[in-house]
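Use the sequences and the hints to build the structure in full.
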Amino acid sequence: MKITHKSRRPKSLQEKIFDVLVYGMAVLLILLIIYPLWFVIIASFSNPQDVATGAVWFWPKSWSLEGYKTLFAQPLIWRSYFNTRIAS
Amino acid sequence: MTPTSQVKILLKKCRNGRIKEKLKNNTSLYLLLAPATILLILFAYVPMYGLLMAFKDYSPALGVSGSPWVGFKWFIQYFNSYQFWPTILNTLKIAVYSIVFGFTLPIALALICNQIRVQAFKKFFQVTTYLPHFISTMVMCGMILLFLSPSNGLVANFLGIFNLKMPDVIGNPNAFASLYVWSDVWQHVGWNSIIYLAALSAIDPTYYEAATMDGASRLQQMIKIDLPLLVPTMMIMLILAVGQLLNIGFEKVLLLQNPLNLSGSEIVSTYVYKVGLKSFQYSYSTAINLFQTVINLVILVTSAN
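Chains as they are written, first to last, in the working numbering: chain A, 1 to 88; chain B, 1 to 305.
What the hints contain is simulated information worked out from the structure, not anything from laboratory work. These numbers were taken from a predicted model, which means no experiment stands behind them. Ideal Cβ positions, reconstructed from N, Cα and C, are used throughout, including at glycine. Check the hints yourself; a few may be wrong.
Stated by the list, open to error - In silico PhoX-like cross-links for lysine-lysine, where the CA-CA straight-line distance does not exceed 25 Å:
1) B/Lys224 / B/Lys122
2) B/Lys224 / A/Lys11
3) A/Lys11 / B/Lys278
Said to hold, decoys possible - Here are some chain A residues the structure puts well away from chain B; computed CB gaps all over 12 Å:
4) Gln14
5) Ala26
6) Leu31
7) Tyr35
8) Ala43
9) Trp59
10) Trp63
11) Ser64
12) Glu66
13) Ile77
14) Ile86
Written out as structure tokens, the structure reads:
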């Protein structure tokens, strides 16, 4: 939806504050939602000890695929995926 | 034959005739309706036969029809059991809590999203808020337990930087409702706001033009135009939400339960699961569930009127 007043007149102070509030809240919400998802991804690529002690924050630390190795070593995983696909 | 009975017979004939006529005239329409009706009868009404178990002393060997009648025995047993008030109150508490926040916050989110003027940013905002909706309940509960673990969870580590101690959210019965509701809000707020965004985008732009001409600020436009025009959508969503009031996400509660928070997290449906499927008291669990359904129906009918 477009509001037709293209800023021909300068924005009033009130409008500026409103914009700051809206974008501030939007950015805050995005961070709040993205960060846990991002953390799950980087934690999956990090060393389990580093995750547990809280050394992992924004980037995978001591890169390792240990988790995926254990996961795919499980013989049941492919069977489970197969069953999931059948069921859906 | 008395005249009244003659009239009755006539009326009956008339009615039967009308039905036949109607069937004849609208055969194709009724044929279209048939599959849905058959499905509904097969999968919704036929299984209701099992509700008889609530009034019988059901044993699998005798079957539903062969088991002896016991009247309201199971209901009375539930009303007198020590789990009656805790399960009912926990269910109501979580249900009302999640309606208050799960219903209002998507509206707020849609209003904020609607005020974002940079289209690319708006798209990005929408996509990120939808994302958590696609996480399965099982994974979601795993994430909650990982993040909020009091010893080495993410939040505990973060608070540890400031030398703050993480309160034990997972093992605290009083915190369970908040844990459940806020994680649910986090997961579904974006998805639930879609319908409000659709309603907002259908608002006639001339309203905004007129309001701008009259010197209304954007906040005033939001309160005086957006909100009132969202009310019909809100009413529908509220009725739908109230209909599901007591059907709280059963798996999620069960997965987040642990012996420490059980006094705050035992709801009717988890209790039914434990009684019925784990200790095989089929009749008792059917009675409890029927009782919950009746309450739900009463709430729905009163709220819809």
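Cross-check of the supplied hints:
{"no.": "1", "hint": "B/Lys224 / B/Lys122", "verdict": "holds (23 Å)"}
{"no.": "2", "hint": "B/Lys224 / A/Lys11", "verdict": "holds (21 Å)"}
{"no.": "3", "hint": "A/Lys11 / B/Lys278", "verdict": "violated (65 Å)"}
{"no.": "4", "hint": "Gln14", "verdict": "violated (6 Å)"}
{"no.": "5", "hint": "Ala26", "verdict": "violated (5 Å)"}
{"no.": "6", "hint": "Leu31", "verdict": "violated (9 Å)"}
{"no.": "7", "hint": "Tyr35", "verdict": "violated (9 Å)"}
{"no.": "8", "hint": "Ala43", "verdict": "violated (8 Å)"}
{"no.": "9", "hint": "Trp59", "verdict": "holds (15 Å)"}
{"no.": "10", "hint": "Trp63", "verdict": "holds (19 Å)"}
{"no.": "11", "hint": "Ser64", "verdict": "holds (18 Å)"}
{"no.": "12", "hint": "Glu66", "verdict": "holds (17 Å)"}
{"no.": "13", "hint": "Ile77", "verdict": "holds (15 Å)"}
{"no.": "14", "hint": "Ile86", "verdict": "holds (16 Å)"}
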